[in-house]
Amino acid sequence: MDKPLNKTFSMLGALLKRDWLKLVFWIVGVLAFAASGVGKFELIMQTDSQRETMFNVFQGPAMTALFGPMTVAQGKDFTAAAAYGTTMPLITAITFAVVAIIYVINRTRKEEEDGIAEVFRSFQVGKLANTTALVIELFVLQVLITGVLATSIQLQNIPGMTSFSENLLFASAIGVQSLLWGLFALAFAQIFSDSGSAKGATFGLLGLLYLVRMGTDTQNVNWGYWNPLSWSYLTSPYVKNHWLPLFLALGLSLVLLALAYFLEIRRDVNAGYIPEVNGKAHASKSLLSFT
1 MDKPLNKTFS MLGALLKRDW LKLVFWIVGV LAFAASGVGK FELIMQTDSQ
51 RETMFNVFQG PAMTALFGPM TVAQGKDFTA AAAYGTTMPL ITAITFAVVA
101 IIYVINRTRK EEEDGIAEVF RSFQVGKLAN TTALVIELFV LQVLITGVLA
151 TSIQLQNIPG MTSFSENLLF ASAIGVQSLL WGLFALAFAQ IFSDSGSAKG
201 ATFGLLGLLY LVRMGTDTQN VNWGYWNPLS WSYLTSPYVK NHWLPLFLAL
251 GLSLVLLALA YFLEIRRDVN AGYIPEVNGK AHASKSLLSF T
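Counted from 1, the sequence shown has number 267 at position 267 by the numbering used here; the numbering is strictly sequential.
It should be emphasised that the hints constitute simulated quantities derived from the structure, not laboratory data.
Just so it is clear, the structure is predicted and the values come from calculations on it, not from any experiment.
In this text, a Cβ means the ideal position worked out from N, Cα and C, and glycines have one as well.
All the pointers check out, no bait thrown in.
Restraint ranges, calculated between C-beta atoms of paired labels, are given here:
1. Gln124 x Pro159: 55 to 61 Å
2. Tyr210 x Leu16: 28 to 34 Å
3. Pro61 x Lys240: 18 to 24 Å
4. Gly39 x Ala14: 38 to 44 Å
5. Trp243 x Pro275: 40 to 46 Å
6. Gln46 x Tyr210: 31 to 37 Å
7. Val269 x Thr53: 55 to 61 Å
8. Ser122 x Gly39: 48 to 54 Å
9. His242 x Asp268: 40 to 46 Å
10. Glu113 x Asp48: 55 to 61 Å
Whole structure, please, built from the sequences with the hints as guidance.
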């Protein structure tokens, strides 16, 4: 078909009709995981001694490797807002990056394996229609999650977290990372010919970048700007409030989308650029029984 985007919005409607309950749980999950923790930090960090204790805990190399670098230099400045902005962005971003990866690959490469994509093509659906519909859905969902999460934090009226722009920065870091990793998954879904390999490659990259940042965060935080996963916490919400990492993530997302389009338009349904590896036709002699 010479119209690759033909019936994109029909596909979008079908996606929303099929997955609306999953999307609702996605939003509720973000709120339950991220927004619900705000008050807990306030409860355990009410005095200077409590803040100093928590500061000493989280500035250690082990905690830095797990959650990211400390955003303040002194314990007296380690408020509930600073603690939340230090510990929550990375772990929340990873959690919902995993959700995005699974969802995107299940709605692209997995549907090709199941023959669903071929059925859609028989109705004169454009070659890029399903992909575009999925990207629109994912983008709108992350915008919605960002707004709902920022508003939820704002309504809790925690000292140090009453600025909507700072709450929006924190929520945007989560939403943009989810979008970014969804598009990583989309690109890998074009490269590999089966959903298992596509998921494995995407999760492998996510794990590799996490391990790399464990080293760079304890050596030189600025090296994290070369790591897409580090952009989640280099925004330093509630302390330094850097917006640059968000724009870097959005820029890389556009590059990945263009790459996914380029790869998909040039391949056939069920095909990939790295074929599935077949196993041996016969078992090795060591696995044979004596009978």
